[in-house]
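J.: These are the residues of each chain, in order.
There are 4 protein chains.
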Amino acid sequence: MIIIMEPGATKQQIDNVVEHLKSHGFRINLNYGDVMTVIAAIGDKRLVQPHSLNSFEGVREVKLIQEPFKLASRESQKEDTVIEFPNGVKIGGLERPVIMAGPCSVEREIDGLLEVAYAAKEMGCQILRGGAFKPRTSPYDFQGMEEKGLQYLAEAREKTGLLVVTEVMDTLDLPLVEDYADIVQIGARNMQNFKLLKAVGKYSKPVMLKRGPAATIREFLLAAEHILYNGNPNVILCERGIKGFDSTYTRNTLDLAAVPIIKKYSHLPIIVDPSHGTGKRYLIEPMSKAALVAGAHGIMMEVHHDPDRAYSDGAQSLNIEQFKKVMASINQLIGRIDYSNKHAVV
Amino acid sequence: MIIIMEPGATKQQIDNVVEHLKSHGFRINLNYGDVMTVIAAIGDKRLVQPHSLNSFEGVREVKLIQEPFKLASRESQKEDTVIEFPNGVKIGGLERPVIMAGPCSVEREIDGLLEVAYAAKEMGCQILRGGAFKPRTSPYDFQGMEEKGLQYLAEAREKTGLLVVTEVMDTLDLPLVEDYADIVQIGARNMQNFKLLKAVGKYSKPVMLKRGPAATIREFLLAAEHILYNGNPNVILCERGIKGFDSTYTRNTLDLAAVPIIKKYSHLPIIVDPSHGTGKRYLIEPMSKAALVAGAHGIMMEVHHDPDRAYSDGAQSLNIEQFKKVMASINQLIGRIDYSNKHAVV
Amino acid sequence: MIIIMEPGATKQQIDNVVEHLKSHGFRINLNYGDVMTVIAAIGDKRLVQPHSLNSFEGVREVKLIQEPFKLASRESQKEDTVIEFPNGVKIGGLERPVIMAGPCSVEREIDGLLEVAYAAKEMGCQILRGGAFKPRTSPYDFQGMEEKGLQYLAEAREKTGLLVVTEVMDTLDLPLVEDYADIVQIGARNMQNFKLLKAVGKYSKPVMLKRGPAATIREFLLAAEHILYNGNPNVILCERGIKGFDSTYTRNTLDLAAVPIIKKYSHLPIIVDPSHGTGKRYLIEPMSKAALVAGAHGIMMEVHHDPDRAYSDGAQSLNIEQFKKVMASINQLIGRIDYSNKHAVV
Amino acid sequence: MIIIMEPGATKQQIDNVVEHLKSHGFRINLNYGDVMTVIAAIGDKRLVQPHSLNSFEGVREVKLIQEPFKLASRESQKEDTVIEFPNGVKIGGLERPVIMAGPCSVEREIDGLLEVAYAAKEMGCQILRGGAFKPRTSPYDFQGMEEKGLQYLAEAREKTGLLVVTEVMDTLDLPLVEDYADIVQIGARNMQNFKLLKAVGKYSKPVMLKRGPAATIREFLLAAEHILYNGNPNVILCERGIKGFDSTYTRNTLDLAAVPIIKKYSHLPIIVDPSHGTGKRYLIEPMSKAALVAGAHGIMMEVHHDPDRAYSDGAQSLNIEQFKKVMASINQLIGRIDYSNKHAVV
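Protein chains in written order, with the working numbering: chain A, 1 to 346; chain B, 1001 to 1346; chain C, 2001 to 2346; chain D, 3001 to 3346.
Errors might be hidden in some of the hints.
Per the computed footprint, the stretches of chain D lying under chain C, defined by three or more beta-carbons under 8 Å from a beta-carbon of chain C, are [stated by the list, open to error]:
| no. | region |
| --- | --- |
| 1 | 3114-3124 |
| 2 | 3161-3171 |
| 3 | 3226-3240 |
Since the hints were made in silico from the structure, they are not lab data. The beta-carbon is built from N, C-alpha and C at its ideal position, and this holds for glycine as well.
Start from the sequences, fold in the hints, and give me the full structure.
T.: Put into structure tokens, the structure is as follows:
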């Protein structure tokens, strides 16, 4: 930890900070500049709240040296986390990327969901997505089928052999969702719902954590840290677009550089959701391919058997014919990527 | 609702959209431009998902005409909502602004909290703040005293007569928090935790809803709409800073224009939290005064009896001496504002 | 300067950085942590490009300790810069705030401009604003009257005694604008037009520098530094709103905390433009008053004798009647601020 | 154009707007909703300033239907613009993407530049980049070699046959830069320097226009429109990262979705600069490949013969060995893309 003192800080003020740090077991190096003094404190930052140092008189700024996430960091685990499912599907590391496809929300009759699931199976996808509990910006929008939706997903899994990923929105619903899902999704708007992070950390199913729309990469990895810290090592990260200043042509700004950054700083798998990340159907194909070439461990995309009648997110959903075309192109690309050699295209 | 068709949209594509809208009870006006066709659909947008129209072939863009929030809007209620508490404190409308003060989190022994509470009382504050359940970015940070913290707050209320505002983080904890709090706070990171919004909407205690760091004003008012829609009309909005591109000197960008904007579009009271909004102690006084002059119905600020030893947010907390000085200045300003005349300073 | 090495940095890599720094005259302190090594380099950062250190193998991050602006900093000049004009008007320090008012652009006949100028004079304003060269997002919009517009402004100055502030967009036009203006404005979109900054730095007229829509406060002060460094000490800063993620109700996010922040880190005067900062007429009054209470040294606002027919920015311009009402309220507030005592409202 | 009136707008207010629009040649459709009235105005928006309508009493919002750029739009030109150089190099459309490589700034002796140029030639690049005039955030940083630098670039062109792209910062320098450059670059910070846009529009050399760090895609295309409108049809757009809320691991947020969006809305070529777009050397390869797969017409990247001693941007520059490795990987990918078939990877 580095503490930068104000230009006019007094010796007394510097001593106060130094004493406080020493009393918490830090070793101290003092660096006197011409204008300012810099205190380097070496030790475990958990022993003292770095922010609390900001409150000492004479302190201008406190800078962390080490990333504040530990279990999620490359330093704590050099090898990539690879999550393996009973049916042999693997996510992470140098494994072939997975494709998660399905409707935004499970709706009405099961037939539409099955139609999508069979198409996903046919095109080589591994995982079926679908929301039974729906976070909706407006209370006037469709809120999801809840348990009935989970049952539909389970039936689709039985018929196709696809794994199921679905969102949990609240600790109260978690036991129910854990019963049905193969992967439990934490939505972007719940990325810092710490009670929910803690709860899924105590369960055993792999968790897919979506990046919050205003979350820095550091905050994103700290959210994952909450899950790891509570005992669940199987976290899949998902970049799904962040809030930017330009929402004329897209809902969000898809931050693809997050993929190689996260692969540098963490061992956890990272996938990309271009459907939410852009909000536009015509951008799914180019952004999926870009994400894969940038090193993503998978893609999540929305497909609906009848997007014009979808209760949510029709505009960013592919219909089945479009989906098959996009998947053909993605499969061609995946066939060219050498996963044993850092995702080079050969 | 306005639907803008692509320049090359076919007659068939236009007809599809028109038929779909008519079948949902909309009246249609067609506006043929030289390049594009614009469909004006008059009726209740709840009858159709505007976003689903985006998924029709040939549609470029769908624009809402009316704000998507209803109960929170000025159109639905012309008069300001004024929330009145049993002890006579009022929040909203042309009432004198309220000051909420207290530590970020309730910690250790009760003495520190009481010291702050007595100072708040002395300086004319109406409400004591303090977190018993703490949302923390890192799992290694202090997570709150939970029920013990609520008991301390209740004791401080009894001793000072101040009202208590405290955060609830999860539906499971809600009954407990409702038992102790006078105002239940939804934190910024839970602004779109829709299960929690729904739950507080079904309880009777007034709710203070903090703006999410990436929430537009429209999303903020839609989050309030979830609470209103579920039956609780007593919502206090709180602007607490949004994510911006400059975090060198502040934690967040405090969006003070949100105050007069919300007063134009909604009847709900709006207060400002300059402690979280800036993250810097020296900015609390100028930003509090600016907020009051801009028309805020109140201020929430962090005060700690010993900020250097605070478990959270010490850097943005005033100590008691500083707090008294800031409050003296704020009280002087409040004494100059003519609340019966639109907050003019006279 | 602090250089943080990667966790796996080798001794050779650390030595390379240290040697490089020593050869440029820096004193070095090495801080070995358990995981990472931190190099503290004490000396003048101008001797080495901090960014170039980033390129050494094994370097994770380079952090500056001192602000990179010097002449603009409080450290280089403790006393506030106060700019005094021949007619006695002063800007900065503890002086009474100045009001700059006038149309966005000078247009058509001089009568409209004069009408505004007389109203500004009547209401106690000190400075007339008006654009003769207009930066316009679209080439199809009105581009300004150029020299004719400058002549109108000069005539209005002669008739009212107001000072004139007007924008220069290009080094080629600078001699002309310097001939007419009392204050030369650099627009937000030219904040990092370094050739223009250098050029106005070599002239003698005071410069009003508007903050770029994506400029951090540090970049803003560095832009001012270009002017100071080239010889012109009379720089007035102007906060005019930054790009944010919410442009539904405002054009920009007005960053009022920038006022007290800049007053802490710099001695230069800082004023606020709520017209561009919000883009909405009804927000000018509350945001002007908030800016003044937050410590702004002045306000710039747009007034047009006939906003409905304005060639630019009508929506954010007050008409003369509205302007007089707003100014009455502002004057009342200014009368209450004690400038000899840190802008307290008494 | 769509004008949305306030809920309480009077008939007189509606009539005022309608009369104003009719007098400017617009056809009017009135759409009366239950709460608000919407005026659809059909005609050429250049006949009236849409923003000026905002200033009418009773107007809530003015929405454009057509994009405000015309010459840059797909509607005005269906076929892609392909820029062809005398030596046969082509940029745009379905042509093989071009690679622009070279140092951030031309420095010291010519040998380093030549070393980079020969490597670029060897690896199949078409264009040499290098700055002779340097926009620098701080006045204390290296400002460029000016004409001497241009001479070096010309010599490198002569020796390698590469085309030269270099930045112009000011209208005064334009004749000089036009003498030496094959492509004249407008830097990100000058994207809305309208005098400069107008000036390069009147010259004949192709222009590479970089996106401003806070520019929306619409503003970006409007900046291009200034060049096209002044007579120069050869504009290459360059995405180079935008300001975001997270600058911990990157300088900017690279907005790759801008590539397919711009290809939908405009016929102009669009390239990507991952060096500035991320600021980190290790991100150049994955982001370059992602950009190409997303459909970019080219890549611009920084290469320096000795990045540790670079006067600018060393951290984001590849050294020659790294560059050759990255280019080998990029060439492999380019060899797999079918440009006659929408950039599919086969």
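J.: Indicate, hint by hint, whether the structure satisfies it.
T.: Each hint, compared with the structure:
no., hint, result
1, 3114-3124, "violated (count 0)"
2, 3161-3171, "holds (count 3)"
3, 3226-3240, "holds (count 3)"
Hint check: a violation occurs at hint 1 only; the rest are consistent with the structure.
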